[in-house]
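Residue numbers (this note's numbering): 1481 to 2341.
No lab work stands behind these hints, which were simulated from the structure alone.
Relax, there's no trap hidden among the hints.
Straight-line Cα separation of at most 16 Å, EDC-like style, residue types lysine to aspartate or glutamate; simulated pairs: (1) Lys1578 x Glu1938; (2) Lys2026 x Asp1685; (3) Lys1666 x Glu1641; (4) Lys2037 x Asp1690; (5) Lys1511 x Asp2265; (6) Lys1578 x Asp1560; (7) Lys2079 x Glu2059; (8) Lys1997 x Glu1506; (9) Lys1666 x Glu1633; (10) Lys1802 x Asp1712; (11) Lys1572 x Asp1939; (12) Lys1666 x Glu1947; (13) Lys2113 x Glu2055; (14) Lys2260 x Glu2236; (15) Lys1941 x Glu1641; (16) Lys2079 x Glu2055; (17) Lys1590 x Glu1604.
Computed from a prediction, not measured in an experiment: that's the story for all the values here.
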Amino acid sequence: MSEYQPSKIEPKWQAFWEEKKTFKAEIDKSKEKYYVLDMFPYPSGNGLHVGHVENYAGSDIFARYKMAKGFNVLHPMGWDSFGLPTEQYALKTGIHPKEITETNINVFKKQLKNLGLGYDWDRELRTSDPDYYKWTQWIFLQLYNRNLAYIAETPVNWCPELGTVLANEEVQDGKSEVGGFPVIRKPMRQWMLRITEYADRLLDDLDLLDWPESLKEMQRNWIGKSLGAEVDFKIDPDSLDTQANIRVYTTRPDTLFGATYMVLSPEHALVNLITSEEQKAAVETYIKTAATKSDRARSDDSKEKTGVFTGAYAINPVNDTKIPIWIADYVLASYGTGAIMAVPAHDVRDYAFAKKFDLPIIQVVSGGNIEEEAYTGDGLLMNSGLIDGLAVPEAKAKISAWLQEEGLGQKAVNYKLRDWLFSRQRYWGEPFPIILKEDGTHAALPEEMLPLCLPEVEDYKPNAAGEPPLSRAIDWVNAPENGKRETNTMPQWAGSCWYYLRFLDPDNTKMVIDPEKEKYWMPVDLYVGGTEHAVLHLLYARFWHKVLYDCGVVTTKEPFQRIVNQGMILGIAYEYYEEAETKKVLSWKDLSDDLSTLKRTVHADDVRWVVEGDMRKAFHPDHDIELLPLTEKMSKSRGNVVNPDDVIAEFGADTLRMYVMFMGPFEQSKPWDTKSVTGVSRFVNRIWRLVCEGAGLSDKIADGEMDKDTLRVLHKTIKRVSEDTENLRFNTAIAAMMECVNHLYKIDSVPTECVETLTKLLAPYAPHLSEELWERLGHKESIIDAGWPTYNEAFLAVDTIELGVQVMGKVRGTIQIAPDASEEVAVAAAKENETIIPHLEGKTIRRIIYKEGRILNFVVS
RNA sequence: GCCGGAGUGGCGGAAUUGGUAGACGCGUCGGAUUCAAAAUCCGAUGGCUUUGCGGUCGUGCGGGUUCGAUUCCCGCCUCCGGUACCA
1481 MSEYQPSKIE PKWQAFWEEK KTFKAEIDKS KEKYYVLDMF PYPSGNGLHV
1531 GHVENYAGSD IFARYKMAKG FNVLHPMGWD SFGLPTEQYA LKTGIHPKEI
1581 TETNINVFKK QLKNLGLGYD WDRELRTSDP DYYKWTQWIF LQLYNRNLAY
1631 IAETPVNWCP ELGTVLANEE VQDGKSEVGG FPVIRKPMRQ WMLRITEYAD
1681 RLLDDLDLLD WPESLKEMQR NWIGKSLGAE VDFKIDPDSL DTQANIRVYT
1731 TRPDTLFGAT YMVLSPEHAL VNLITSEEQK AAVETYIKTA ATKSDRARSD
1781 DSKEKTGVFT GAYAINPVND TKIPIWIADY VLASYGTGAI MAVPAHDVRD
1831 YAFAKKFDLP IIQVVSGGNI EEEAYTGDGL LMNSGLIDGL AVPEAKAKIS
1881 AWLQEEGLGQ KAVNYKLRDW LFSRQRYWGE PFPIILKEDG THAALPEEML
1931 PLCLPEVEDY KPNAAGEPPL SRAIDWVNAP ENGKRETNTM PQWAGSCWYY
1981 LRFLDPDNTK MVIDPEKEKY WMPVDLYVGG TEHAVLHLLY ARFWHKVLYD
2031 CGVVTTKEPF QRIVNQGMIL GIAYEYYEEA ETKKVLSWKD LSDDLSTLKR
2081 TVHADDVRWV VEGDMRKAFH PDHDIELLPL TEKMSKSRGN VVNPDDVIAE
2131 FGADTLRMYV MFMGPFEQSK PWDTKSVTGV SRFVNRIWRL VCEGAGLSDK
2181 IADGEMDKDT LRVLHKTIKR VSEDTENLRF NTAIAAMMEC VNHLYKIDSV
2231 PTECVETLTK LLAPYAPHLS EELWERLGHK ESIIDAGWPT YNEAFLAVDT
2281 IELGVQVMGK VRGTIQIAPD ASEEVAVAAA KENETIIPHL EGKTIRRIIY
2331 KEGRILNFVV S
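Could you put the whole structure together from the sequences, leaning on the hints where they help?
Here it is, written out as structure tokens:
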């Protein structure tokens, strides 16, 4: 075997690692632990895509690097195997979700192994395994017992297409996150988790974490804490016989004097009570339309405000003015008190509403132009009685104190975060360990009865009465003596809320986790995954972790100390156009406004390349039209998906791993370009040819001392690769190794020691290749045990450097000089330099700026 | 709208605390090797200008600070991600 043949060496080393259990992690208190975690995949039928490769190759490189550095590394993998697509596939095919899951996991696992990822497979778990979900149910019972789980009849996001409800977090633009189906509001009986009780801790503890700022910010925004005041407005006695108040929440109590009307949400409890006879019909119609409108429709209408007058009035407590009460759907029932005081002068929404319905606008903060738009900035209070002339912050403080004294209001805090809608009307999820009793109460299933396994059903659709699929398992439902089983199941997030803990003790049948193991391994030191989980999974998992902390199950406040989001890999397709009527094929160059065209794309593999000068242009394979490259998120419909299996078949896993890392910064999204894989492929081949010859070593590899240059290059490479890998700058680490190899090609003989060191640096990146080289270099053990090289600063030194010489800040030449040369020496050398002399001629040197080893600059006049 | 991030050759991307912009790779051009091609190896490669040395312009745009700005400050533009009537 003289050629580099990844298809031969890669399976060999994968088998080696598996047999030797190279990546098995066990508690070893003599070593420092390091827990690297990947966001575990949902085993879909589509298999692995290059986005997974980016994620897992990155964490694998880092884990192997830490291992080589002597850390006791835990790097596990498992399956988030409950979920909707599997159930939908089961519905279509009649195959049991368990079997579908099994099949998909086998495909995924094989693909992951083909990539040479170093996982401790002995810790493999899947969320749909009863031995696993037993403990998911157990954790639910802890929540239940702490009164953090409750049943509520509330309007929920119902997705008719999916036949289930969705959490707020799962709805985007009024459509389901999975499948993109329309979602409507519908009142239903549901399980809720009191995540709002943890809002402050979830917010405050973000400060403890080493997460990307943008990710923390997303969580902060989602929790959406705001400080303000609640104020009571009396309803005008003429409008209502009994005495009643409308309580509002506001962040701007300073603008109270500018409140010229009030708005209740259509669902507000007082609406029926206060509506006057004349307005009754209009109000009822409005409520009816608002109720049937989906969130989607409501937000579509957000530009145009709607609402109706109730006929009732309230009294502004600060100036006893009578102000009208309206209802409008721009006020949300679920936020604050479901009612607002409207200050049109200083709130854009109130302003739009007041303009539309011709309500009075009174400016109370100076600034802006109230004729044109609402003024939301700072300024001095005006038209505001006791707070006149104060700045906004002072006015807020003073009016709040006054409200408190008068018993009209108090400070209040609000959150955007709502309780977590935790039940789904699905089959393929964890059953609730709950018995619904005949008297309408409910009770926890005793712990000894866990796991409560999913019953078999003949069909995964809801039953005839529209109840969840589990209702079809009549015996199962009616098994408890004094009641029935809950037939909802838990959402997919449940299992992924705590899997990082189970990896530490996957086979424990006695308890959720052995405290000793938790203490040793937690927290997760590095969690790598995509930004798509920035709010959903990460918020839910933090919440459960904090509950477990309160239960004494875990000892860290937070589960994931550091998170890194790998960038998305984008696909390239090449676009052209088709004239709508004639189907004539057009280039982007042929487009004009009066043509009606459809966009079409050509897959990157099918493009015909034409070289023109130093450029290559993309052409349509069958037509003479130039194509425009289009970089987008990979998806089947866009025809720009890259399958990692194909890349492995052509180039090998080591090349794929390195190319994905070499494309650009780990956290940045970047376009996949199959043509560019050749660069990394050549590099891998160059290493192979440098070291290997036939079945053994190349003659070029010989014992002996490294020359000074080679020693310097090698130690510089150690330095750069170590620092870059530590900081997850994999792209520049690979560039450094390329430079090193380029140097080794220039010298006649490469000392063994030099190749060995380079191989160690390469090992996390191209593990199969490195093991093969290491073996050929005469080693019996895995290269993982060979340690990580260190560099010697002394070898990095050079005799002379090329120093840039500037005149007036412009580089005019360079001089060869010792790196630590004195200013006199440098200036003398510069003054003798032919290219610099003309720039100094006839000028007076006013100033000399010399930074040793960096720059020499003459300021002249 | 708001929040976060980014704009550097034909392309992906480098550049430590402000100090020779364009590392590394792709592509392109030239050479070696070959009967020939592929593969491989060596070299060149920001634009304009110059026979050449060189000159000049260049890090989204406009200003500023500085001996010196991709880097710092002010004001814009564009793109990507998130979020959206949260009072």
